[in-house]
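S.K.: Sequence:
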Amino acid sequence: MKLIFAVIRDKDANMATDALAQAHIGVTKLASTGGFLRDGNTTLMIGAQNDQVEEIMQILRENCAKRTQTEVVMPHGTGGVATWNLNYTPIKVEVGGATVFVLDMDQFIKL
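So the number in the working numbering is just where the residue sits in the sequence shown, counting from 1, plus 11.
Hints are computed from structural coordinates only; laboratory data are not their basis. Don't take each hint at face value.
[Stated by the list, open to error] Now the in silico label distances, taken between C-beta atoms and shown as ranges: (1) 76 with 40: 11 to 21 Å; (2) 116 with 32: 19 to 29 Å; (3) 69 with 14: 32 to 42 Å; (4) 101 with 34: 17 to 27 Å; (5) 102 with 60: 23 to 33 Å; (6) 32 with 102: 16 to 26 Å; (7) 12 with 102: 12 to 22 Å; (8) 16 with 122: 16 to 26 Å; (9) 65 with 102: 16 to 26 Å; (10) 62 with 110: 30 to 40 Å; (11) 76 with 42: 14 to 24 Å; (12) 42 with 14: 16 to 26 Å.
Even for Gly, the Cβ is constructed at its ideal location relative to N, Cα and C.
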């Protein structure tokens, strides 16, 4: 048995959980926050049989697409106050996708 943690973007969470439910795969959603862009993330916790792992990975690939997003990073001035300067150039960053951890599990019990 496996325990799968998948960290995905909030924007992808509903599509991913709906697709997992259609495949009769149970999932628990946990709210989390990303460290780089500080956007909301969702961490999915999934208990699965060994032979379900590839099916779950395929569902996540199909529903958690990577995309490019434009961000403007504002530096902090003195005193920790954000400053704005029209000379700052927006940067494009790749967002989305999933970070997936697959762990061995001894027991999986539903009470």
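S.K.: Starting from the hint list further up, note which numbers the structure goes against and sort them upward.
M.R.: 3, 4, 5, 6, 7, 9, 10
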